[in-house]
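K.L.:
Assemble the whole structure, with the sequences as input and the hints as a guide.
Using the numbering used here, the letters of the sequence shown map in sequence onto residues 1 to 1229.
Just so you know, these hints were derived from the structure itself, not from any lab. Be careful, since some hints might not be right.
[Said to hold, decoys possible] Label-pair distances were calculated between CB atoms; the ranges are:
(1) Glu649 to Ala500: 50 to 60 Å
(2) Ser300 to Ser72: 37 to 47 Å
(3) Ser72 to Asp343: 50 to 60 Å
(4) Thr1037 to Ala396: 26 to 36 Å
(5) Ser752 to Asp152: 53 to 63 Å
(6) Glu425 to Glu947: 16 to 26 Å
(7) Met577 to Ser900: 29 to 39 Å
(8) Arg877 to Glu947: 42 to 52 Å
[What the hints assert, rightly or not] When the alpha-carbon atoms are kept at most 20 Å apart in a straight line, the in silico SDA-like pairs for lysine to any residue are as follows:
(9) Lys271 to Leu923
(10) Lys1163 to Asp1073
(11) Lys271 to Glu306
(12) Lys271 to Glu425
(13) Lys12 to Lys1163
(14) Lys403 to Thr349
(15) Lys563 to Asp578
(16) Lys356 to Leu494
(17) Lys271 to Val200
(18) Lys12 to Leu923
(19) Lys271 to Thr228
(20) Lys271 to Ala190
(21) Lys563 to Arg550
(22) Lys12 to Tyr67
(23) Lys403 to Val346
(24) Lys12 to Leu102
(25) Lys1165 to Leu1029
(26) Lys356 to Ala491
(27) Lys1163 to Leu1031
(28) Lys403 to Leu467
(29) Lys1165 to Ser1033
(30) Lys356 to Glu425
Note that the structure is predicted; figures quoted are calculated from it, not measured. Virtual Cβ for every residue (Gly too), placed ideally from N, Cα, C.
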Amino acid sequence: MSQDEAQQLIQKLLLQALSRRLPQSMWLSLLHQLARRIQAAQHNKEGDNVHTPSPASSYVAGTLVQYILSQSSIDPLLIEYLQAIIYGSANRSGVTPDQGPLTDVITVTLHLLANVRGTAASSVPAIETISSVIGQGLLVTFQAPVPFRVSDSSFVHLLQHLFARTDSEHRSSNISSPANHLGTTSNDAAVAPAALVFIVSNLRLLALAAEPNISSPQNLLAPRVAITVLINVGQALLAHVIQRLSAAQASKDPQSRPTHEISDQTRSMSKTSVAEIEAVLQSMNPAWKDEIALLRSLTSQIGVIEHISQALTESSASSSASLQTRRKKAETLQVAQSRVTWDHFVDITAISPPSKPQVEPEIAFLMHLLVDKHVAWDTKLDAVKTLFLARRNAAAPSLTLEKSLTAFYFELLVSAIEACASVVEQPPAFKGAEVYAAIWRHALCGMIPELVLQLEQWLDAHQDLPLRGQRLEPPHVRLEAALRSSLLVLADRLNTCESATLQPQQNSGDFGGEESGGDVMTDLVGLDSPPVQPIKAWLLRACIEHSLARPEAIADEFPDGHKLASEVQSLTQSLRMDAQLEGLALDALFETRISTDDPLELLNRVASDPGTHFIFARQLVLQMQGWLEQQDLESIARWCKALSEEVCEGGSMLDTIMIYIDPVQLVDPLASVLDRQDVGQTSDEPSTLSNILLFAQLLCYRYSIPPSRISRYLVPNDDMDTDASSAPRPADHRPPFLALHLSTSSTCYPLSTLSEDERNLVSRWIHALFGNEGISDDLISASPPTTLLRLSPLLFSQSISACQYGVIDLETLRGGLSYFLQDLLSFALPGALIWLLGEITRAPMQPVLDFLSDSGLQASVVDVPSSDGILANGLRRSANSKTIHLEVLALLVDTDACPSSVRQVIAGAFSTFVHASEGVNVLESGCESFNLASLKARMEASGATAELLSRSGDSWLRNSAGEAEKGEAGQLYSLFTTVPRSGSFVTAVGKAGVASSSGEQKAFAAYLSLVASSTTVGVHPVLSFIQHLDLASLESTTIDAVIRILVLILGLTRAFGTIRATTSKPNAYDPADGIFALASSATRPGSLQVKQTAGGGSEGGGRGAMLEGEPNTPPLPSTTGPDGANGDQNTTTGPSVAALMTDPRFRVTSKQITDMLAYGLFKLKSSRSANGRMRSSNWIALENAILDNLNLDIELGAETGECDADTSKAAAGREERGLIDWLTFLLSS
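P.N.:
This is the structure in structure tokens:
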């Protein structure tokens, strides 16, 4: 029996016991039986080991503690169950073993502490409940004749098991580690971090005594439990840790000493623990003298632990070498060749079919940005330019610009082909995921030629770029060479791209299962696409129409050229040819056909012509904006309906359109419809507004658009701005209604919070829905769509309550709420259904007769005589308190009348409902129409977001890493899946083996500079990464990897700076200028005036302030050297540094990076002066890394004037020389 199976069994037993209201004795007897089964299964799996403590007792304790902490209100039966597992049944006679305790109070206490996260007032009742149960048991345990020993092996094993992980690796279950982990021999040094985390967890309970959000915190039991544990366990545990660390320090055996990772973790946790103690002491009542003395004693013990850990780390530091010696070493050819750079060149003339080119990590992440991330097209194009320019700047002098471009195009093609083939051959993870293969096919055939075309046009427009060479041949020569090589060496992968998409595994969907009963979905690429796609022909035709390939060259020079040319000719006539025959440009043709053609038919036609996707996407947005300016909502609604139907039926065109535009470019105009004063009165057709609003909600859900990104739309007077971030903002900066609605869409506002007019409106709607008059025109005119969106959850709540209390019966309820399936109200259905699904999950389940009796409705509802035994409200007597909610859910979702877009928008809430309903066997009891299996089948293939599609098919990224050479990018996939989601790049770099190879270092740099910088809202991820680098705490072996990553980031940053210089407008505002002015004025005391918020922080600090203590933080040192100019000394007032750094116009520069690194060196030097000690190994590693990896050849050239012809290299040399000057200055001071 596996761990998960054991935990699920305990969880199911607990839920069944609670639902059936089993008495304490029966619960305990069943739990004993289950524990024996788990123990027997563990022994059969791992063998009998007398030293292994029983895992079942820990599983039971952890399951109960976690369940209680997750409850907002505590069932009294839960308290009895918890008492039973610790103390045994209250009715036991002493003879029956199954009525005795199953675990002990110490185990339950450890699980409580391990699950304490913060001091939210909502979790205090649950914490108090557990504290009341364990409090007396702890006193008995610590006062027993046999004293409790912290050195006990079972206690130490459980302590490490629960507390040995850091907060950044917060687990979803504290009992999810392998069972044999409990039986391994404890590492003496590894106990230290776990013990410190244990102390911090106790402090969190103790801090509740001074929590201002809790009424009468001085009367809480939890802080008393924490004090008891700290007195009897905490002090002894820290003494045990000190003893073991001292023994390791005195030992001559290197194996007995802790690793660098454990030592650093111990030191970090020591600082955290001391900070936590100080915070508790500041809020503690001064009258608690004994408790204050206890915490001071713990602080002293933790200081000893930190000191020993520091000594253990410094003892392994190597001897120091002179700076001059290491500088000479850095200038040797061997070190220069070992530097990690963006220099990568593929000689396509040397590639033969047996050899398969690998995809470089930076190209893989670039492709991930281009296809999977939904940002402005100009942002994606800038990333392509940036990587190419960084490659070109690092290229060998002998490499011509022609060869660099050809190799770069070849890499783009190889990456797209590999990704497309990997997605096609991977079975879809769920029903509806087949569309991801179509997205990649369209990207390969449409996006790659468009990128090449626009890159070549950019090079044509900017002849002064520092490219070290000229393009002597036209663009088609370079792309034809890349295409030939791709077709030659990747013929089998292209055949895979053309093959039919694999069918999804049966019942593998989010809402599938053995009960779903849905048929397996067939292959879907476009709405009418055949099983096999002519990928090669599509790609070649797109290249021909972009003037990037010649038909005669394809036929005469390509492998199987005549066959390929024939396949191109056999394609249906392209839309570009239609435009030529009509004497129109392609965008003019689309302008006409978008207005006149049937939308679905045009989408089908465009789907089979990938070379036109870019122009179509841009023209569609322009057309939407034009219709909005003309107030032609009918045309907008027609396309909204078509795009909704297309994506809900498994089509790929909407997702393909979003490759070329930022989704907010569609959402903003659609959202503005709700902000019109005449909304709801501009059309006599109810479906018009419904189609628009449902599509807007679908866009926000599918592309994960947060409300903060939706802005008030200003009708443009010029061509569409391709960069959404630079679009002009209207004078009204209030958020649009759609943004406010999405933030609170499922909120059911109490009647008491509504205005008198709104309460009257709710009353009128209730009477209209369930009365005989119906919905009048007056009521509709008095109810703007914004009001209906806001009040729809309340209307559902009031209607369901009326049925529960017998005011109306179930059939009347069905008839009234069915109005929401009509166009008149369907746009308000998603918010109401999301509230309904959440309410079903939140509401306690009990038999309906008990519910009505408790509500005082026995006489009016239950006792009313009926011939068929049906209650007065229409429910069966076997129903439960959730039956009406479930019947409403079935009425509105399990029907063909429900709009498909509604199912898409509510899919996330439905998934949560399904997971919460697992194991609840009585859910359908008493229901007439609700059937969970039928609902799952309806919802299958609904709710696929763009992010979910990307995750389900991201094997292409794993394959790109796996096909790399040994030691190169071997852990790329693990970095991609863990680092961006945890947000701790520094932690990931510090792990053993991560970012140790050049491939992984490129992966880090590419993700930070290309992907994260394009998708992160707030402080630039590169600067955030540097800010969180604690050079004093990093291991010496990690410092070299960090510097290498920064050098790679510098290369990309300089390249982007060059691109930015070609597109920036004269006198354009740069937030970096404001930051520099603030930093300069901070050099004079009292000269900086920053507006302070009510909380004392500077304005904008809540958006991720970079520098703590602003504005008192000293200015960053300049990399012009210690004696450089001080800059502008003028006093500057205005926004804070934090506000400026989160400005969308802020762009990171290479000087900022080197300045921040110099600032890190300055802080490291200052900490050495303050503490009197510092690891010498860190200085040695830093000096070596900086001198070994920075381009000293550029620096020396700048000194002698040899780089005057290349100003970008001269600037780079000055920045790096300044950083080395700072290093020399700090070492000599």
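K.L.:
Against the structure, test the hints numbered earlier, and report the numbers of the ones violated in rising order.
P.N.:
Violated hints: 1, 9, 10, 12, 13, 15, 19; rest satisfied.
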